[in-house]
Each structure stands twice: as C-alpha cells, then as structure tokens.
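Got chain U; can you put chain X on it based on the hints?
Each protein sequence line maps, in turn, to chains U and X.
The numbers in our numbering rise by one with no breaks, and the one at position 84 of the first sequence is 77.
Residues are numbered in our numbering as their position in the second sequence, beginning at 1, plus a constant of 596.
Keep in mind the hints are simulated off the structure, nothing from the lab.
We put the beta carbon where it would ideally sit given N, CA and C, even for glycine.
Treat the hints with caution; some may be incorrect.
[Said to hold, decoys possible] Covered stretches of chain U (chain X as the covering partner; in silico rule of three or more C-beta atoms under 8 Å from a C-beta of chain X): (1) 4 to 15; (2) 30 to 40; (3) 91 to 97.
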Amino acid sequence: EIVMTQSPVTLSVSPGERATLSCRASQSVNSNLAWYQQKPGQAPRLLIYSASTRATGIPARFSGSGSGTEFTLTISSLQSEDFAAYYCQQYNNWPLTFGQGTKVEIK
Amino acid sequence: EVQVVQSGAEMKKPGESLKISCQASGYIFNNYYIGWVRQMPGKGLEWMGIIYPEDSETRYSPSFQGQVTISADKSVTTAYLQWISLKASDTSMYYCAVGVGVAIRPEFWGQGTLVTVSS
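One chain only, chain U, in its complex shape (with noise of 0.2 Å):
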C-alpha cells in the first residue's frame, strides 16, 4: 500500500497571503496524484487531478504541481473561503489511498 504523507497537519495563513502544502508518496505514483478541499459538515471537492489540472470551476489561484513522489499544492492569496481542510489521494496503485489531511487555518 502507498503511504501519503503530508504536511505539515496544520498551517496558519492570513487572508490574502499564500499557502503551500506539500504531500510526499511511499513510491512513485507518476501524475496519477489528485487534491480535494473539504469544509465542515460538507463532503470533499475535487481541485486538481493529474499533479496540476484543475477540475471544473476551481479558481486560478489553486494550482498543482510535482511527480512521482513529491507534490505541492499552492493557493496563491487566500481568500475567507479557502479556509478548510486539504487531502491528496494518489491512483497510481489499488488500493487507492489520501493523506491524512492539512488543515489551513486562519491566522
């Protein structure tokens, strides 16, 4: 099984500045790397697939990048509602598999 790591757990950010996660694989998962938003009380939502293309309607100040086992997801100037919690999942490999989550907090 991939074992995805990211960090770090909590990250404190104040409106309108940048935020970077990061999230590592166990082995290579090539592009095959999704990331996923979730607030409180709503189910996940799908942000970037393929290390960095963005889903349907993401904004711009999301974006994605990395391969293999090294990846980072960057939220160029947070805006209120960007505050939540953020998941990578690789589908390189079964069983498929998330991190255990960043939560981006504000500052």
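Chain X alone, transformed into the frame defined by chain U:
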C-alpha cells in the same frame, strides 16, 4: 452535470444489518464508477472500494474486504454499501463519489450518510 444523492442517516444497534444507497443522475457516461469513502468522527478520508455498475466489476481496499459488500443496480444508476453485522466501530460518515474511467479521482460526491451504531 451529475447529481449524487445518498440515503439518509441511520441509527443501528451492534449486530444489526444495514444497506445504504447512492444514486447518480444527469449526464453519465457508460464507463462510470461509484466509490465509497469512510470518514470516522474527526478523522481523515479512507477509500473503501469502487464498483463499475455497467459490468459490476468491484474492487475493495484490503482493510474493508470481507467487512462490507458493494453492489449496484445499473438500471437505476445506484450503488449500495452493505453490512451484515454492524459494530460500534462502523460509526462514521460514508460518502459516495462518482467519476468516469479508470482514473479514480471523482468529481461528483454525495452529501454523505451518517451511520451511528450504538447499543
């Protein structure tokens, strides 16, 4: 656009059986899949398994193999998640998610079904 609707919250006793559902509607391609994700209280997301309703091909994550059964009825574009004998540790939110193809990174999610198991 695809809409995904899950059945309502359930409260059960240990040892009872349960089947929850997830219906997809809208513009759905032939090779769509429906997957199930568990989220225990205050915890992260875990993939349980997926099914392709067109041919009933099913895959389970090892942690859930033998613990649950995933099935589908393609005539109503609905998938099901079933337990024979619930445990208190099955208390969780269960999400279903719908996508297309072999790349399992679903764009369309249900609202979640909260299952509470308590004596």
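- Can you give the numbers of the hints that this structure goes against, from lowest to highest? Hint check: 1 fails alone, others pass.
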